[in-house]
Amino acid sequence: MSRDAVLSAVNLTRHYQIKGSPFSKPATVKALNEATFELYPGQTLAVVGESGCGKSTLARVLTMIEPPTSGQLTISGHQVSLKEGQRPPAALRREVQIIFQNPYGSLNPRKTVATMLEEPLKLNRKEMSAAERRQAALEMIAKVGLRPEHADRYPHMFSGGQRQRIAIARALMLNPKILVLDEPVSALDLSIQAQVLNLLADLQEEFGLAYVFISHDLSVVRRIADDVIVMYFGQPVETGPAEEVFTTPRHPYTQALFSATPVADPNRRRERVHLKGEPPSPLAPPPGCPFAPRCHLATKECTRLDPPLEHVNERVAVACIHVDQAAARYAVAG
Amino acid sequence: MSQLILSKKSSQPAPGTFRYQLASFWSDFSASRGALVGLIFIVFILLVALFAPWVAPHDPAMQDRSALLVPPVWHAEGSWNYLLGTDAVGRDVLSRLIYGARYSLSISAMVVVISMGVGIFLGLLAGYFRGWVETVITRVMDVVLAFPSLLLALGLVAILSPGLTSAMIAIAMVQLPYFVRLTRAAVIGEKNREYVIASRLSGAGHLRLMFNTLLPNCMAPLIVQATLSFSTAILDIAALGFLGMGVQPPTPEWGAMLANAREFMGSAYWAVTFPGLIILLTVLMINLMGDGLRDALDPKMKRS
Amino acid sequence: MALLDIEGLSVRFKTSSGLFAAVENVDINVDRGEVWSIVGESGSGKSVSMLATMGLLPWTAQVTADKMAFDGQDLQQLSSRQRRRIVGGEMSMIFQEPMSSLNPCFTVGTQIDEMIKQHLGGSRKERHERALDLLAQVGIPDPARRIKAYPHQLSGGMSQRVMIAMAISCNPRLLIADEPTTALDVTIQAQILELLLKLQEDTGMALILITHDMGVVAETAKHVVVQYAGRQVEKQDVKSLFAHPRHPYTEALLSALPERAGDQDRLPTIPGVVPGQHDRPSGCLFNPRCQYATEHCREVEPVAAPDDPASTLCHYPLDHPAVGTPPSATPQDPLASNPSSHNPSRPEVRP
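Residue numbers (this note's numbering), protein chains in the order written: chain A, 80 to 413; chain B, 54 to 357; chain C, 454 to 804.
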């Protein structure tokens, strides 16, 4: 990639300390473990995984709500060095904004749309007059496909899809370079989901935005992602270009995830890679590879060491010691 | 009371759709008949208190030596001059009740303003910062709650020397924990909502998050608590007055009236009954209105 | 005779601004051992019609139907006592939020036991045995230990398994699953769906799956009802539905699926939103969002043609050549296998 990355993460890790009660020892929950990736302008990086896989922790670290426990985060060429409880410098904070899954919780119920959109300008662009701010808010309202008369309404008067448009408008008011999209369409109806996805694609083209798209919906991810990180239990288990990961998933978990996803085609009822059991408890992580207890390829060796992410070719990296076997099996089954 | 109306408005600021919100609030509020009756009664009392010099037939402090303990007008010995009779020193009970409304209502309003203002501030601090700030504030409030409220108020008044101001401060202090706890609980509930995080990401500081973002979303239960506190304050003020620790004579405060007339309870029931009745009615009506407000404002009671 | 036979079911809710028709004129005929799916977006009334069948709606709901029979018994005529015996016993239901469907104060075993005691009876020991069997049947590892667990000790997937165990405890002949996997992760969803289908096959019960997920429909159901804004817009065999949707809404919904969009630059969308209580249009409810809508659609409410196998609620059902002979018509479904000679002429406005 010749362009400069707008965001790069090296071994980004976030642990939480759980205070011990008199009856239990304090524990460390490894919510995010050694995530490494780069994000380029105009590109979409999808983070895929199930609940508890560290997707939301990653979102909180990337938006600088929480500092990483270790690892490096570089945004627009500036290295972020945050301490616990510290606020990031305004210049950096503006670069990254977030869109949440639940359009009903992400808008302040007591504020009008215009007030909400003007707030970031009021706080960050002190030189703007009230009239200029209002103008900017109205322009953004039009840009996300709402009408000017919506400006003075309250959130409860909008449908879920419209609210998500408002949330997107608010995030874009400060011209960020990066949008973290935390399951932005999974709370929306199918017919509305397509509208919002198209809007996101339009805005990405217009502003050259880089998206970190967190989702569990593989059909959506396949459609919009350039690169994919598949996460399991706080760890990236497979990373690479979306096209390649989707056509030839190599990690057993990726394969299981793909085959578990229902496909809207009644003629293609294929055999599933069966995935038994449930993800382990973060308070009692299994020894070795966290996926081993559910993996059909697991051997004794898997319970002994946690495999690091290793490149299988130039673009794709997989964290599995049986990666060749897994890939071969999938090729036969598929 | 005027503060209540103000805070209600400030929690729903609005160009454009303000009328819509007001209309939906009104339709919810007026759905309860009791609330409506309460509101009408309170407005009536307020008006009477406001226009006391024009409404009251006599000066509340004027002592008519020729008419001591005159019974109300419907008794044979009653006089049209003193509709509800006179007390032991010949003062018109009706006029004193009318002027008393000024004292009772304004003292209670002050109490609510003080305890709500301080309570919201402490509650916001506790709920927003958590940690040791929260521990200190909630523990102190727990201590206040552990005292019987009237005993605490009496003690405080005794320390501060009896009088109107100390009575107000004492009762505000007694009411404080309810506001602090309510605010803290509401803030904790709202603090992790996504809109607060979004506001933070757009650069809002602690003060802005606390007062501009969080507070308006925590107001509904507080307004309801304010009406309830208002009625409790009337009762407490009356009780302090009755015990001689609150308003000092000859100020016509309802509780003090009750106290002054208690030795004639057997012979002149009117001097005791009417102040008691008016306290009862006012408290009842405010509580009715509070219920209606809760129904109209509490988001848990309605789906918008 | 169909197991569940519902005709002309309507549900209206009393609201402060008058009656709101949440469901109108829904027909469903489910035979023994069939797997049906009711699919629709939020506000389509897909859950309401089944809750009405179960008699689980609040008193503000007015339920009317031309016919509402379960196994030949008219549900509308039954006393509430008789109805309770059917509901939960022969006809049971599971819900979207498994965590909140279980009472947090009691152990899993107590709650299953309660269910068995109500409907089947038996000695304490027999009931305990049955509860253990059930837990094993729904794939809960180590049932003897789990039966003593409280709901908060279970994950979402486990809770849903327990709910399923309770639902099948009395050998129901019809199981209604209302978005049973929406709150669960994909891999757990696959497990639960598989479990439901396996139980359906083993016990021969009928299964009605309410969902919004077209993928789930495609992988599980044999027959599909599509609902939009409280109306049943079409009813088809799953394969022909996906291949040849008859209603423009179904067609638009399917083409909005990201995986069906192919190489197009942007996803095809359905403009606008599902109409709510106050903004229902006149004529066909879908007309403001329909690319084929004509003046006729805006004025006249459509009714399904009597000879239309899919009972498409549209003035101009999409006319696919294959609709007359659905490739996988099942013998229990006489309407679908009956070659339709009805070929409504297309209006000229259609692109």
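Hint data in this document are derived by calculation from the structure and do not stem from the laboratory. Yeah, the Cβ is synthetic: ideal placement off N, Cα and C, and Gly gets one too. One or more of the hints may lead you astray.
Under the rule of at most 16 Å between Cα atoms (straight-line distance), these lysine to aspartate or glutamate pairs were calculated in the EDC-like manner [stated by the list, open to error]:
1. Lys-355(A) / Asp-519(C)
2. Lys-692(C) / Asp-385(A)
3. Lys-578(C) / Glu-567(C)
4. Lys-256(A) / Asp-296(A)
5. Lys-578(C) / Asp-566(C)
6. Lys-256(A) / Asp-83(A)
7. Lys-520(C) / Asp-480(C)
8. Lys-675(C) / Asp-344(A)
9. Lys-109(A) / Glu-285(A)
10. Lys-355(A) / Glu-567(C)
11. Lys-570(C) / Glu-582(C)
12. Lys-601(C) / Glu-632(C)
Distance windows between CB atoms, simulated [stated by the list, open to error]:
13. Arg-213(A) / Asn-245(B): 50 to 60 Å
14. Lys-651(C) / Val-89(A): 58 to 68 Å
15. Val-189(B) / Pro-734(C): 53 to 63 Å
16. Gly-164(A) / Val-189(B): 50 to 60 Å
17. Phe-200(B) / Thr-635(C): 27 to 37 Å
Non-contacting residues of chain C with respect to chain A, defined by C-beta distances greater than 10 Å in every case (computed) [claimed, not checked]:
18. Gln-644
19. His-665
20. Leu-707
21. Arg-742
22. Glu-752
Here is how each hint holds up against the structure:
{"no.": "1", "hint": "Lys-355(A) / Asp-519(C)", "result": "violated, 46 Å"}
{"no.": "2", "hint": "Lys-692(C) / Asp-385(A)", "result": "violated, 44 Å"}
{"no.": "3", "hint": "Lys-578(C) / Glu-567(C)", "result": "holds, 13 Å"}
{"no.": "4", "hint": "Lys-256(A) / Asp-296(A)", "result": "violated, 24 Å"}
{"no.": "5", "hint": "Lys-578(C) / Asp-566(C)", "result": "holds, 10 Å"}
{"no.": "6", "hint": "Lys-256(A) / Asp-83(A)", "result": "holds, 13 Å"}
{"no.": "7", "hint": "Lys-520(C) / Asp-480(C)", "result": "holds, 9 Å"}
{"no.": "8", "hint": "Lys-675(C) / Asp-344(A)", "result": "holds, 12 Å"}
{"no.": "9", "hint": "Lys-109(A) / Glu-285(A)", "result": "violated, 38 Å"}
{"no.": "10", "hint": "Lys-355(A) / Glu-567(C)", "result": "violated, 30 Å"}
{"no.": "11", "hint": "Lys-570(C) / Glu-582(C)", "result": "holds, 13 Å"}
{"no.": "12", "hint": "Lys-601(C) / Glu-632(C)", "result": "violated, 27 Å"}
{"no.": "13", "hint": "Arg-213(A) / Asn-245(B): 50 to 60 Å", "result": "violated, 31 Å"}
{"no.": "14", "hint": "Lys-651(C) / Val-89(A): 58 to 68 Å", "result": "violated, 46 Å"}
{"no.": "15", "hint": "Val-189(B) / Pro-734(C): 53 to 63 Å", "result": "holds, 59 Å"}
{"no.": "16", "hint": "Gly-164(A) / Val-189(B): 50 to 60 Å", "result": "violated, 19 Å"}
{"no.": "17", "hint": "Phe-200(B) / Thr-635(C): 27 to 37 Å", "result": "violated, 51 Å"}
{"no.": "18", "hint": "Gln-644", "result": "violated, 7 Å"}
{"no.": "19", "hint": "His-665", "result": "violated, 7 Å"}
{"no.": "20", "hint": "Leu-707", "result": "violated, 7 Å"}
{"no.": "21", "hint": "Arg-742", "result": "violated, 8 Å"}
{"no.": "22", "hint": "Glu-752", "result": "holds, 24 Å"}
The structure is inconsistent with the numbered hints 1, 2, 4, 9, 10, 12, 13, 14, 16, 17, 18, 19, 20 and 21, although it conforms to all the rest.
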